[in-house]
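*Asks:* Residue numbers (our numbering), protein chains in the order written: chain A, 126 to 291; chain B, 126 to 291.
FYI, nobody ran anything at the bench for these hints, they're computed from the structure.
Errors might be hidden in some of the hints.
Any copy, or any two copies together, can satisfy a pair, since identical chains are not distinguished.
[Stated by the list, open to error] Distance condition first, Cα-Cα at most 30 Å in a straight line; then the derived BS3-like pairs of lysine-lysine:
#	residue 1	residue 2
1	K258	K150
2	K258	K145
3	K258	K272
4	K272	K150
Protein chains: 2
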Amino acid sequence: MRPEQDEIEQRLSRFTGGLKSAGIKLTIQRLEVCREIASAGSHPDAESVFRGVRQRVPTISLDTVYRTLWTLVDRGLIDTLGVPHERTRFDGNTAPHHHFVCTRCGETTDFCCDAFDSLSVPEAVTPLGTVQKTQVEMRGICLRCAKAPASGDHQHATGHRPGRNQ
Amino acid sequence: MRPEQDEIEQRLSRFTGGLKSAGIKLTIQRLEVCREIASAGSHPDAESVFRGVRQRVPTISLDTVYRTLWTLVDRGLIDTLGVPHERTRFDGNTAPHHHFVCTRCGETTDFCCDAFDSLSVPEAVTPLGTVQKTQVEMRGICLRCAKAPASGDHQHATGHRPGRNQ
DNA sequence: CTACATGCAAAGGGTTTGCACGACA
DNA sequence: TGTCGTGCAAACCCTTTGCATGTAG
Numbered sequence: 126m127r128p129e130q131d132e133i134e135q136r137l138s139r140f141t142g143g144l145k146s147a148g149i150k151l152t153i154q155r156l157e158v159c160r161e162i163a164s165a166g167s168h169p170d171a172e173s174v175f176r177g178v179r180q181r182v183p184t185i186s187l188d189t190v191y192r193t194l195w196t197l198v199d200r201g202l203i204d205t206l207g208v209p210h211e212r213t214r215f216d217g218n219t220a221p222h223h224h225f226v227c228t229r230c231g232e233t234t235d236f237c238c239d240a241f242d243s244l245s246v247p248e249a250v251t252p253l254g255t256v257q258k259t260q261v262e263m264r265g266i267c268l269r270c271a272k273a274p275a276s277g278d279h280q281h282a283t284g285h286r287p288g289r290n291q
Numbered sequence: 126m127r128p129e130q131d132e133i134e135q136r137l138s139r140f141t142g143g144l145k146s147a148g149i150k151l152t153i154q155r156l157e158v159c160r161e162i163a164s165a166g167s168h169p170d171a172e173s174v175f176r177g178v179r180q181r182v183p184t185i186s187l188d189t190v191y192r193t194l195w196t197l198v199d200r201g202l203i204d205t206l207g208v209p210h211e212r213t214r215f216d217g218n219t220a221p222h223h224h225f226v227c228t229r230c231g232e233t234t235d236f237c238c239d240a241f242d243s244l245s246v247p248e249a250v251t252p253l254g255t256v257q258k259t260q261v262e263m264r265g266i267c268l269r270c271a272k273a274p275a276s277g278d279h280q281h282a283t284g285h286r287p288g289r290n291q
């Protein structure tokens with residue numbers, strides 16, 4: 126599952142380049158957090174990244190790891206699984222449906238699409254396990270956010286997102 | 126966004142039926158939590174369900190709402206957005222890829238599928254906003270969990286899931 | 001040099017749990 | 001009447017933040 130060495134280098138330079146071009150100082154801590162996430166084969170949590178980096182930078186603290194990871198997310202250099210900073214949300218809709226997620230405000234909206242309901246399980250998945258449910262997630266900017274004043278973020282009336290923007 | 130009255134009734138009876146057939150008493154609190162989640166048009170968090178139910182059952186407590194919602198999830202009667210009980214996980218893989226999520230242990234595994242990379246944006250989505258990224262999530266049981274002894278759950282070596290399995 | 005980043009520790013906030021009381025079968 | 005469910009409050013745990021110190025550019 127680990128990426129090739131080549132791929133790691135490529136990601137790493139993308140990360141460091143992205144940070145530098147944003148005027149963010151490339152400290153040893155940030156560099157090593159970047160290296161760790163660039164070479165991760167799965168989807169580590171902050172604690173896991175912390176443990177990895179600490180082997181090379183024993184003095185790093187967990188909150189610096191968090192800060193660096195969120196900086197990378199904010200710059201669009203890495204992603205999170207699920208919606209960032211989201212508390213648990215429940216979905217009572219058992220009919221097949223899919224989700225549109227606004228990456229700015231976090232609002233998740235259902236939509237239906239017959240074509241997506243009947244996606245066949247690709248070969249790559251059969252060795253992983255048995256599929257019971259398939260859902261398509263489309264991420265982008267919702268209409269409301271697109272219209273909203275360029276700068277800061279806004280919150281939907283339904284009250285999402287503690288908001289970590291910038 | 127609210128479901129039709131008809132649809133609500135249908136969901137509600139599915140929920141209550143599922144609980145009863147599992148030998149779970151249908152108290153007024155549980156009934157009203159079921160009603161609330163059945164009639165929700167979006168994806169409420171526990172707090173939001175709590176506020177709704179409290180209008181009808183003023184004495185209900187937040188933790189009863191949580192307990193009931195998780196009971197429904199455990200019975201497969203409702204879902205959560207994202208992986209239940211999951212802390213924030215970061216994904217350094219910026220190349221297009223998709224996820225297989227094991228609903229038992231929570232493990233999220235990447236897979237590639239060219240067909241999924243090029244899914245076109247359906248009409249239903251255009252009025253919602255602009256799509257920047259599309260990801261398919263397939264949920265099911267991973268090979269390891271399928272093989273594991275029927276009863277209790279196990280945790281992957283990578284250390285997922287606090288584990289709430291009935 | 002000077003602004004920015006780090007580490008520490010404490011606060012914060014959502015979620016879960018232990019326990020005694022209350023309610024339904 | 002016994003068992004199961006509820007409410008309360010405290011515990012938990014991940015995550016964030018304020019502040020003094022350290023450091024990259």
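*Asks:* A separate judgement is required for each hint: does it hold in the structure or not?
*Replies:* Evaluation of the provided hints:
For a Cα distance limit of 30 Å, the shortest separation of K258 from K150 across copies, 29 Å, qualifies, whereas the shortest one inside one copy, 44 Å, does not. In this assembly of identical chains, K258 and K145 lie within 30 Å of each other by CA distance solely across copies; the values are 25 Å between and 41 Å within a copy. When the C-alpha separation of K258 and K272 is checked against a cutoff of 30 Å, the pair qualifies only between copies, where the shortest distance is 20 Å, while the shortest distance within a copy is 34 Å. In this assembly of identical chains, K272 and K150 lie within 30 Å of each other by CA distance neither inside one copy nor across copies; the values are 33 Å within and 48 Å between.
In summary, the one numbered hint that this structure violates is 4.
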